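J.: Whenever a hint applies, use it, and build me the whole structure from the sequences.
One letter stands for each residue in the lines below.
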Amino acid sequence: MYKAIIGLEVHCELKTNSKNFSSAPNKFSTYPNEYVATVDLGLPGILPVINKEACRKALLTAMALNCTNPDVVLFDRKNYFYPDLPKGYQITQVTKPMGKNGYLDILLDGKVKRVLIHQLHLEEDTASLEHHQKYSLIDYNRSGVPLIEIVTEPCIESAEEAVIFLEDLRDLFLYLEVSDAKSNYGQMRCDVNISLKEENSDTLGTKVEMKNINAFNNVKAAIEYEIKRQSEILSSGGKVIQETRRIAEDGKTYAMREKVDAVDYKYFVEPNIPPVKLEKEYLEELRKSLPKLKLERYFKYIDVLKINEEDAKALVRERCVSDYFDKVLEKVNNLALAVNFMMGCVLSTLNKQEISINDLFIREDMLSELINYVDQGKLSLDHGKKIFFKALEEKVEPSKLIEKENLKQINNENELLDLIKRVMDENSEQVRQYVEEGNIHVYNFFVGQVMKASNRQANPNKSLEIIKEELERRKK
Amino acid sequence: MYRAKSILQLKKLFEEGVITKEEAFLQANHLAHLLQEDYNSFVTILDNVKIKDTDNILSGIPYSLKDNFSTSGILTTSSSNILKDYVPVYDATVYKKLKKAGASLVGKTVLDELAMGGTGTTGHTGAVKNIYDKERMMGGSSAGSVASVALGIVPFSIGSDTGDSVRKPASYGGVVGFKPTYGLISRYGLFPFASSLDHVAIVTRNVHDAAIVTDVVKGFDPKDMVTFKSEEKLEEKLGNDIKGKKLFYIKEICGKDTYKDSNDKELLMVIDTFHELLDKARDKGFIIEEVSIDKILLEALYPAYMCISCAEATSNNANLTGISFGPRGKGDTIEEIIMDARTKGFSELIKRRFVLGSYILQKENQDKLFLNACRVRRLIVNKINELFKKYDGLILPCSGGVAPKFSDTTEKLSDRYLILENHLVMGNFGGFPSISIPFMKIDGLPVGVNITGRVKEDGLVLNVAEKIEELTGLKDIYSEVGDSNV
Chain X
384 MYKAIIGLEV HCELKTNSKN FSSAPNKFST YPNEYVATVD LGLPGILPVI
434 NKEACRKALL TAMALNCTNP DVVLFDRKNY FYPDLPKGYQ ITQVTKPMGK
484 NGYLDILLDG KVKRVLIHQL HLEEDTASLE HHQKYSLIDY NRSGVPLIEI
534 VTEPCIESAE EAVIFLEDLR DLFLYLEVSD AKSNYGQMRC DVNISLKEEN
584 SDTLGTKVEM KNINAFNNVK AAIEYEIKRQ SEILSSGGKV IQETRRIAED
634 GKTYAMREKV DAVDYKYFVE PNIPPVKLEK EYLEELRKSL PKLKLERYFK
684 YIDVLKINEE DAKALVRERC VSDYFDKVLE KVNNLALAVN FMMGCVLSTL
734 NKQEISINDL FIREDMLSEL INYVDQGKLS LDHGKKIFFK ALEEKVEPSK
784 LIEKENLKQI NNENELLDLI KRVMDENSEQ VRQYVEEGNI HVYNFFVGQV
834 MKASNRQANP NKSLEIIKEE LERRKK
Chain S
4 MYRAKSILQL KKLFEEGVIT KEEAFLQANH LAHLLQEDYN SFVTILDNVK
54 IKDTDNILSG IPYSLKDNFS TSGILTTSSS NILKDYVPVY DATVYKKLKK
104 AGASLVGKTV LDELAMGGTG TTGHTGAVKN IYDKERMMGG SSAGSVASVA
154 LGIVPFSIGS DTGDSVRKPA SYGGVVGFKP TYGLISRYGL FPFASSLDHV
204 AIVTRNVHDA AIVTDVVKGF DPKDMVTFKS EEKLEEKLGN DIKGKKLFYI
254 KEICGKDTYK DSNDKELLMV IDTFHELLDK ARDKGFIIEE VSIDKILLEA
304 LYPAYMCISC AEATSNNANL TGISFGPRGK GDTIEEIIMD ARTKGFSELI
354 KRRFVLGSYI LQKENQDKLF LNACRVRRLI VNKINELFKK YDGLILPCSG
404 GVAPKFSDTT EKLSDRYLIL ENHLVMGNFG GFPSISIPFM KIDGLPVGVN
454 ITGRVKEDGL VLNVAEKIEE LTGLKDIYSE VGDSNV
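Chains as they are written, first to last, in our numbering: chain X, 384 to 859; chain S, 4 to 489.
Derived from the structure by calculation, the hints contain no laboratory data. Please read all numbers here as calculations on a predicted model, not as lab measurements. Hints should not be assumed to be uniformly reliable.
Calculated cross-link-like contacts (lysine-lysine; reagent style BS3-like; alpha-carbon spacing at most 27 angstroms) [claimed, not checked]:
#	chain 1	residue 1	chain 2	residue 2
1	X	496	X	517
2	S	392	X	461
3	S	371	X	461
Among the chain X residues that face chain S by a calculated CB cut under 7 angstroms, a handful are [what the hints assert, rightly or not]:
#	residue
4	427
5	428
6	432
7	470
8	472
9	649
10	654
Ideal placement from N, C-alpha and C gives every residue a C-beta, glycine not left out.
T.: Put into structure tokens, the structure is as follows:
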């Protein structure tokens with residue numbers, strides 16, 4: 384049996400107003416070469432200017448990944464020729480990456496697995512190439528977009544684990560609001576390094592690299608295919624070749640090029656960006672701005688609030704949902720009811736309408752109020768949910784809706800008694816059945832009649848109590 | 004009426020209505036064309052100008068710009084075949100500032116290809132000839148800038164100085180070459196040679212004009228991160244009392260007896276005249292002392308400079324592939340296309356520097372060559388800074404003789420060559436303000452003296468230089484060849 388050892392290099396484009404070293408807007412466009420400054424074209428004489436926000440976001444992400452930060456921000460040049468690299472070098476970080484030696488804890492079969500992060504660095508994206516039969520086109524929109532690269536240690540052991548890590552990493556980017564991390568826009572891309580070793584051996588096998596995989600399910604397919612392919616080679620006595628492979632649409636991987644010697648990128652410190660010292664106060668402030676992260680919230684929900692695992696997972700997936708839920712809880716006593724409304728009303732609506740919770744008409748306060756109506760017995764659960772969806776549809780606050788439609792439950796005992804007396808007077812046969820025959824089935828009949836007569840506003844529980852009392856009274 | 008007038012003189016002539024700004028431009032243009040065939044100062048001569056009246060002191064003043072500054076809509080070749088048809092789409096900050104001031108651009112000047120070289124002979128449009136002797140070099144790389152000022156075509160020119168690329172040719176041309184503190188003038192739009200050493204520098208015929216021009220083009224530029232805010236006017240520092248200011252010279256470079264065994268007459272003349280100048284300066288109130296520096300350190304200057312500059316140059320010029328601009332190469336693969344463009348686009352000398360730079364940066368050589376060169380650089384800068392605690396400035400002859408002949412083949416490893424001919428790079432290593440002014444002539448050919456000062460003390464350096472200038476009798480000199488009626 385063989386064991387897979389997987390390392391990932393994840394690239395993620397940061398969300399900033401301008402590009403990493405130029406003033407061109409950092410925006411996605413379907414029109415080629417729309418957002419391009421002279422700097423992004425590598426024209427003679429251009430100079431890079433550091434982007435404070437990109438640095439902040441890279442440092443913040445490094446902190447969230449438990450990395451150590453450098454004492455200064457410093458950039459290096461990575462020199463190589465390629466048509467998507469107009470300057471002939473990429474500005475990146477080798478000497479002092481934004482983060483080193485960190486980790487991300489992920490949940491694997493209910494247990495915590497620690498994925499070690501080798502480093503996180505800030506660099507610039509390349510232009511994108513569009514290849515045609517006889518020519519290629521260059522789109523410089525992407526040229527110079529701020530990019531972070533996160534390199535894991537080779538410590539991931541399965542395709543499933545890799546995908547969970549990638550999903551959690553994406554959720555982390557979203558939690559930190561550093562990136563939109565949309566893999567279909569190429570905002571998150573991944574290189575996979577994989578080797579197989581004998582189950583009990585310490586020696587790593589030959590490494591195969593798969594470059595630029597966007598979709599997570601392709602990562603999964605590629606890893607699964609590689610494990611199968613390499614296992615077959617090894618078990619039949621063959622040797623795995625060190626090479627770069629690509630994943631095709633059929634889910635199989637194909638050899639791209641054999642790796643002879645590692646390319647020498649002739650790194651040296653970028654002379655046009657003077658080192659910027661990272662003040663302690665700045666880093667401390669940044670650390671303070673870190674939100675509580677997904678796993679921490681998950682454990683709070685299941686351990687402290689005793690929410691079941693499945694619901695807890697759903698509630699922490701997005702930071703804004705969890706924040707919303709926490710805010711709702713502040714004004715609600717009945718936790719189970721709150722979870723019920725979150726799962727049954729809020730999340731289902733978000734899924735159905737494909738909107739963010741930030742765009743949901745019903746805000747935290749409104750939901751708390753609605754839940755409390757139900758909790759205090761002023762509204763049945765069923766009714767409460769109906770109000771939720773109606774409020775959403777009509778864009779009216781639930782409390783106003785309750786007032787406006789005069790939907791408030793009748794809880795006043797005298798009012799209910801008058802109603803019940805009237806109903807009993809109108810249905811003397813059923814009263815007789817109870818008084819003379821002791822038929823308790825008439826309870827439900829009278830509740831139904833009271834609800835009907837009150838236009839469904841009578842409190843059914845209270846009505847039942849009073850019906851029982853009134854019937855007893857009539858016995859005498 | 005126009006020729007060889009200083010900025011202040013021209014300003015006065017404009018004010019008195021003796022000559023208009025249009026006439027000044029036309030006369031500069033006439034001289035530029037007239038002297039082009041003999042001396043080859045320009046890659047491009049501009050025949051039209053839109054005079055913009057401003058209240059800036061440079062309004063209507065003709066000037067020339069080295070052809071490695073990006074000028075929107077005007078051919079900018081860096082004197083290289085790979086850019087021979089390149090017309091930029093944006094303006095260098097320096098050019099933008101001069102345009103705003105209303106100065107009149109007369110032409111773009113010839114340089115050594117991509118500013119790499121010290122001879123003025125390697126530009127793609129041919130060699131620049133020395134304005135006092137056509138058999139001799141102008142020096143480089145800002146050869147055309149120096150020639151255009153030294154011929155009296157324009158009162159000032161903007162060049163670039165990476166090792167000594169303005170100050171050395173200025174010395175050979177009998178004009179002033181001023182390289183201010185690193186970061187005082189924005190490099191945005193200057194085609195880079197070696198970014199950590201590249202400076203925008205000024206060529207004029209007197210120190211005062213250099214201060215005037217620097218005041219107009221200096222200052223923080225959000226597009227160049229190494230620039231800094233500078234509010235003080237350098238011109239106002241001129242005329243300050245210099246009594247008691249302390250200067251030093253380096254024994255190993257120009258001590259009275261350093262070359263006593265040499266039979267190089269020119270060299271001995273330079274040393275003698277230099278010491279005569281020092282005596283005159285002492286009479287004016289300067290305190291000047293001899294300082295000794297480890298010769299090994301001085302001998303490392305030139306090799307360290309070559310390592311750092313070639314390494315950075317290799318990377319800086321990697322954008323010249325003919326892909327997004329420049330002549331497209333031929334080939335079936337992208338590698339072939341890039342290789343073809345670069346093979347045809349660069350001269351042999353440039354290729355040699357790129358190969359060197361690439362070798363120096365290779366993983367297995369980087370520590371021994373590149374990083375050691377950076378260490379040497381730091382040692383030298385530390386040493387000079389230490390001396391600057393005691394002294395206000397460093398004074399040295401710019402070279403051991405006059406401009407070399409084209410046919411000249413000096414021994415490149417002699418003491419004179421290794422140290423005396425290459426010490427100006429100290430100014431680039433430390434980013435120090437550094438100025439060359441003419442101080443003597445040998446058979447009609449000028450030699451310059453250099454003054455270097457503390458970082459950000461550009462005003463003091465100019466102040467000292469102007470006092471020395473008074474002692475030389477060589478202020479405002481120019482080569483009077485050609486039309487003397489202009």
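J.: With a cut-off of 27 angstroms on the C-alpha distance, tell me whether residue 392/S and residue 461/X pass.
T.: Roughly 38 angstroms between the alpha carbons, so the hint for residue 392/S and residue 461/X is violated.
J.: Double-check residue 427/X for me: the hint is only fine if its C-beta lies closer than 7 angstroms to a C-beta in chain S.
T.: Holds. Min distance 4 angstroms.
J.: For the restraint on residue 649/X, tell me whether the closest CB of chain S is nearer than 7 angstroms.
T.: holds (4 angstroms)
J.: Let's test the interface hint: is any C-beta of chain S closer than 7 angstroms to that of residue 472/X?
T.: holds (5 angstroms)
J.: At a threshold of 7 angstroms, is the proposed contact between residue 432/X and chain S supported by beta-carbon distances?
T.: Holds. Min distance 6 angstroms.
J.: At a threshold of 7 angstroms, is the proposed contact between residue 654/X and chain S supported by beta-carbon distances?
T.: holds (4 angstroms)
J.: Are residue 496/X and residue 517/X close enough, with their CA atoms no more than 27 angstroms apart?
T.: violated (49 angstroms)
J.: Is residue 371/S within 27 angstroms of residue 461/X, Cα to Cα?
T.: OK: residue 371/S and residue 461/X at ~19 angstroms, within 27 angstroms.
J.: Please verify that hint: residue 470/X, Cβ, nearest Cβ of chain S, below 7 angstroms or not.
T.: Cβ of residue 470/X sits 5 angstroms from chain S, so the hint holds.
J.: Just to be careful: measuring from the Cβ of residue 428/X to every Cβ in chain S, is the smallest value less than 7 angstroms?
T.: holds (4 angstroms)
Taken one by one, the earlier hints fail for this structure at numbers 1 and 2, listed in ascending order.
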